[in-house]
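Peer 1: Make one complex out of these two single chains by using the hints.
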Amino acid sequence: MILFIAIPIGSAFVQSLFIQHDQVLVLSKNCGPFGCRETTSVDIEATKELRQDSPLGKFNGIGTYLNRSHLAFAEVGNAWAVSRTFSGFLNEVLDLPFYGALMFTLTYTAVVTPLVLLLGLAIAIGVNGLPNIIKGPSIFVSLLPFLVTPLVGSLILFWMVDGDGIIGATIQLIFNDPDLSLKASTGLTWTMLIVYGIWHTLPFSFIVFYAGLQTVPVDTLEAAEIDGATKWQCTVYVVVPHLVPLITFVTLMLLMDNFRVFEPIVSFSAEAHARSLSWIIFNDLRESGNPLYGSAGATSILTIIGVIFLLTPVLIRNWRDFKLRRL
Amino acid sequence: MFLKKLILTSAVATLICSAAFAKDCGPSGQSIRILASDFPAIHAVAGTAEENCAASASEFTRNHTTEARQIMNAALTPNPAEYTSVIVANSTLTQLMNDGLVRPLNDLVEKYGADLPKNLMITIDDNIMAVAFMANSQHLFSRKDILEKAGINSIPGTYSEMIAAAQAIRKAGIMEYPIVMNMKTGWNVGESFNLVFLAHGGEFFKPGTAEPTVNSAAGIAALNTLKALVEYAHPDHLTQASNETQAIWEAGDAALGIMWGSRGSVILDDEGSSEQVTSNTVLSSAPSVKPGGIPGATLWWDGFTISKNVSDAEAEATFAALASSLNSDMVAANNDDAIWLLEGFKPGAAAEGVSATAKGGAVPYPMLPQIGLLHNALGSELSEFLKGNESAEKALADVEAAYVTAAKEKGFLQ
Chain A
1 MILFIAIPIG
11 SAFVQSLFIQ
21 HDQVLVLSKN
31 CGPFGCRETT
41 SVDIEATKEL
51 RQDSPLGKFN
61 GIGTYLNRSH
71 LAFAEVGNAW
81 AVSRTFSGFL
91 NEVLDLPFYG
101 ALMFTLTYTA
111 VVTPLVLLLG
121 LAIAIGVNGL
131 PNIIKGPSIF
141 VSLLPFLVTP
151 LVGSLILFWM
161 VDGDGIIGAT
171 IQLIFNDPDL
181 SLKASTGLTW
191 TMLIVYGIWH
201 TLPFSFIVFY
211 AGLQTVPVDT
221 LEAAEIDGAT
231 KWQCTVYVVV
241 PHLVPLITFV
251 TLMLLMDNFR
261 VFEPIVSFSA
271 EAHARSLSWI
281 IFNDLRESGN
291 PLYGSAGATS
301 ILTIIGVIFL
311 LTPVLIRNWR
321 DFKLRRL
Chain B
1 MFLKKLILTS
11 AVATLICSAA
21 FAKDCGPSGQ
31 SIRILASDFP
41 AIHAVAGTAE
51 ENCAASASEF
61 TRNHTTEARQ
71 IMNAALTPNP
81 AEYTSVIVAN
91 STLTQLMNDG
101 LVRPLNDLVE
111 KYGADLPKNL
121 MITIDDNIMA
131 VAFMANSQHL
141 FSRKDILEKA
151 GINSIPGTYS
161 EMIAAAQAIR
171 KAGIMEYPIV
181 MNMKTGWNVG
191 ESFNLVFLAH
201 GGEFFKPGTA
211 EPTVNSAAGI
221 AALNTLKALV
231 EYAHPDHLTQ
241 ASNETQAIWE
251 AGDAALGIMW
261 GSRGSVILDD
271 EGSSEQVTSN
281 TVLSSAPSVK
291 PGGIPGATLW
301 WDGFTISKNV
311 SDAEAEATFA
321 ALASSLNSDM
331 VAANNDDAIW
341 LLEGFKPGAA
351 AEGVSATAKG
361 GAVPYPMLPQ
371 IGLLHNALGS
381 ELSEFLKGNE
391 SAEKALADVE
401 AAYVTAAKEK
411 GFLQ
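Residue numbers (the working numbering), protein chains in the order written: chain A, 1 to 327; chain B, 1 to 414.
Just chain B, with the same shape it has in the complex (with noise of 0.2 Å):
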């Protein structure tokens, strides 16, 4: 399994490597301060860090917050910045980038990484600018009782077999709308697009230029299945995000669903829902166009970054601290929050829909600078088209024109 694999590539060095570095905390008396998202498993990595390394710092803030992406630029531009470490994602990430925010790693981790896997340094030509520990991406949640009653015996694997599967559900009268999707306006049904139309081979921009490459065959296809899956999700599905969905799966309203990873363990535990329904709910690959094709998925990172604008002692500090908490003994106090890529990680049934889906051949949400620019085009003039008031290409047109406007005040095109 692809995750297995990553954790083996580690597991050798950490055993090595684990007990002399335990306790390393980098020079004493600094200050540290986080600034990160707020959910689970970015609570353990950083509250683990405060754990190991609070008393030999002089100061040990951590700040999470929703908006932490928001402020973050802002927060990161003053010197000395407000924050010594943010923690991001493939999307933040480029977004500190972008105002060179953010410093190379390579002598910190040479100092105090060595023990941790290769394949963690998110690096840009030769400089390690993040550090990962997790992973994330979207994935099939199929109901297998519900199926079944539609006469269907296997997991589809595709989206016209997801698209048959509803179909069959619906004649069958068992439910009239079985699918869900995270489609709200904006960021989410951005995303949702970028999921169909990399499955389909889309590429975004023109290689090595922010020119935009969405009106193509692969961005109308990409459309045009994605209207045929809604045409079985609820008609509020353009108000819908994360949690509405979660809440709809567990209210046993749905059979088939493409949501977060991150989402699994919530729906698969015993909070929230009923023993039908967790009892019968599938994590599998994301569907692809043909049998064994790409995954519609983006592959996510979560990792931590140093800000440039601190002193070095500070920047050694703070990563000390938080590399001193990504090991085997901070897994396993909280191996289901998170789908981890460190050494110790135990993936149970609800990193099976990730794992496959990066197996599979999933593509990683790109790391460029003008993708945010991109998805927000995407996320504001999709809608006309889902409600069915445009066609597909009018629509990616419209995209791609909000884009090039959006891009020449940012200076990606002249």
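So here's chain A without its partners, still in its complex pose (with noise of 0.2 Å):
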């Protein structure tokens, strides 16, 4: 726990309490194949002895957490004080880059999240009910969005609903607009990740509760019939509740799963219409040549916090149950 959780996170920490020190730019000419101009450039040996007396860069506290990569306190206010309509602030403030992925996250995992729950068992209740002889396959087949790297998976469906693909070429047909395109709206890119979300996770919740469905008491079932309930109301009194812990641990696991979305963000090129907590850690380490490594681990932090915010009903809903049972 300490080696692989603690200290990590621990590191992450620390590293976004800092900045890096102060370059010392010099001009200087440049020349080249295309001809000379003035240039700036980092001069190294001032930067090295700063860099030399604290390694880990200038102690800037939690101004990277309130700057406008992140909480962006200041631009908030500033949103507030110059908006007049409600919406307006809103705008203002989701198009600031951390609560913009904040919103997308969130939705992705409020939509994902019950929908998976509610058709994985579904599934598993309807695999059940199968005759043995084609319940092997089923099983199979409905596992398999699970065995398909998220990556290529989503990159293989990513072409499937380009214009000149089965997928989006159908929808045209149906819709008949030739232009429609699902990679040009955001509302539509939002709908294609939420499909690919519940695609790609189905099959986790379907196995652990198809599993689950082997230990509901048989007795108590035949029971119920007896009692004259009918197969819905064997679902909903009996199955169920017999299911509660396992629906809460794969509630848990969907949460973090959902959380950390971000594999069909680039796959899908989505980043004009959806970004994600996990793009921006993404791009800040990536993007710029230089990684920005005290900005990364602000949102890292903001991550873990948002996930443990997210959690929290679920755990003490959970931590009830058992207290309960031990009585």
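A portion of the hints provided could be inaccurate.
Facing chain B, according to a computed beta carbon distance under 8 Å, are these residues of chain A, among others [claimed, not checked]: (1) Q15; (2) Q23; (3) S28; (4) P33; (5) S41; (6) A184.
Since the hints were derived computationally from the structure, they do not count as laboratory data. The beta carbon of each residue, even a glycine, is placed where N, CA and C say it ideally should be.
Peer 2: This is the structure we're talking about:
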């Protein structure tokens, strides 16, 4: 626990408190195949001394957490002061990178999690009711989306929803609109990502519930049937209560999983329309050439805090159940 | 022609010296380790160096990866460094120089590169930091058959001509979306802005400082031009980068494109496209704002550097090996793989666009230590404007705010 969880989180946190030393810029003349021009460059000798004195960088406290790329208190306050309507204020805030990403991440989590729970349970019950001979193949087929690597799966889907791809072309045909593109509008991109998310995580909840269904006591089910309960009543009053601990477990896993949504955004090239917290970390570390470690560390810590917020209600419930059972 | 002039300057010197230096690999028994990007021209240079000098070295390794930019700073920081040389471009050289990871090459050039043209030396003040060997830039690709069908008999030279041509093609019912550009959110859309911004005479920073000046009249004009162009690009343009735009072009689904010069030979070859497309594709200078103005392009070079954190002998052997490959034989064997800046290059049809763009006075991609941060801010903040949700002023203000935040973290601004 200490080695694999506490130390990495601790190091990300420490990193997020520091920023790089001031760079000493000097004017210089740069020549090359396309002529000469004035330019600036970093004075390595001058910055080296600063670095040696404090290798972690300049202490910035929680400054990084409060800047525009993260919680952006100053910008939010300013948006509140200048906007006349609440929707105007909301627009301003969602234009900030952190809140925009948080909005998508939360929407994704809030839509995908319950749908995967419900559909997974429905498929598990459906498959459980099948005759034995086709049960095996159905389980295998239902598990397939889970076996595909997320990056590859979403890339394949990305090509299929292209205007020339099978899904994209079919949708154009159905709506009779040759310019309809799933990649060009924010709403449709979000829908596409959410549908992909459901498709990809469904097998997980399905297989857990299917395993749980094998442990439902037959006596209780038969007793309920003798009392005249319909199939639906059996499911709602016998099977589901029996599966509650599993439902809690699957909810926990799904919340954590969905909150860190990342791969489909990259594979679907959806950055213009949807960004998640994990995508921001990726962008900080990769895109600007020299990684912004402090910024990435701060976003990581904020993501962990977000996950804790989301999980707390489920964990509290779990704890209560646990205590009740012991009584 | 610009390229010919570049080549001629070096021709005489090379003729005199090439025989003497053909197999000079410097100190023997050294380890040569090269990190480079992964495309044919780079393979040609590093591969020739290996052929020439692997025998006299104790070890010769080449790592060609598209991830070179991501790993190079980490790989060169320890002493001894993981690689003795990294093959870089304008923007990646600054990334290495920011951390002081490459060494000045003046003495090595004197010893092993006396025959190399002086203008290939990338110098900062008087220090040679890299030796360039090929050039690249964006420029205009046109389909002359489609333009003619739409009643346009000349290749567009300015943005407004390009937009008018696109409009004519759409009106004639030939294509709904005749324009292709690399507009994928991230680096590509940032670069597309840079092109149009530079054509409008924009300056990225207040001279000598790291303070951004993209939220200017030139910036707003550039964004509006960009918006007018993508009006005629496929609605999916924010997901399209070089591979996608090239595919659209080769499929014959576009008539006007702003793409990389390095895609020229790939598009013009007989693979992946039809005769109708290849025979009618014309490569010309990147468009400018006014006739004869600055072409909307950034000039790029690729060249090699030598790591600072390796022994002098290894540095010398690596430099000698790489310098030994920069000659007319290597160019002759790989003529169409790149727009070589070396003696012996015969510019073909595929080089015309870059050549015209360079001749028209296009500006090189800025070699500034903080440009990567601004480029990243442009890449992530412009999409709201291009989607039509934001004004140009707001988008550019967002870019500057995002840049300032990052620049403060990196110590460029206080």
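Peer 1: Could you run down the list of hints and mark each one as holding or not?
Peer 2: Outcome of the hint check:
The criterion of a C-beta within 8 Å of any C-beta in chain B is not met by Q15 of chain A, whose closest approach is roughly 11 Å, and the hint is violated. A distance limit of 8 Å between C-beta atoms decides the matter here; for Q23 of chain A the minimum to chain B is near 5 Å, and the interface restraint holds. With a least beta-carbon distance of about 5 Å to chain B, the hint placing S28 of chain A at the interface is held under the 8 Å criterion. Because the smallest distance between the Cβ of P33 of chain A and any Cβ of chain B comes to about 5 Å, under 8 Å, the interface hint for this residue holds.
Checking S41 of chain A against chain B by beta carbon gives a least distance of about 6 Å; that is within 8 Å, so the hint holds. For A184 of chain A, the shortest C-beta to C-beta distance to chain B is roughly 4 Å, which falls under 8 Å, so the interface hint holds.
The earlier numbered hint that this structure contradicts is number 1, and it is the only one.
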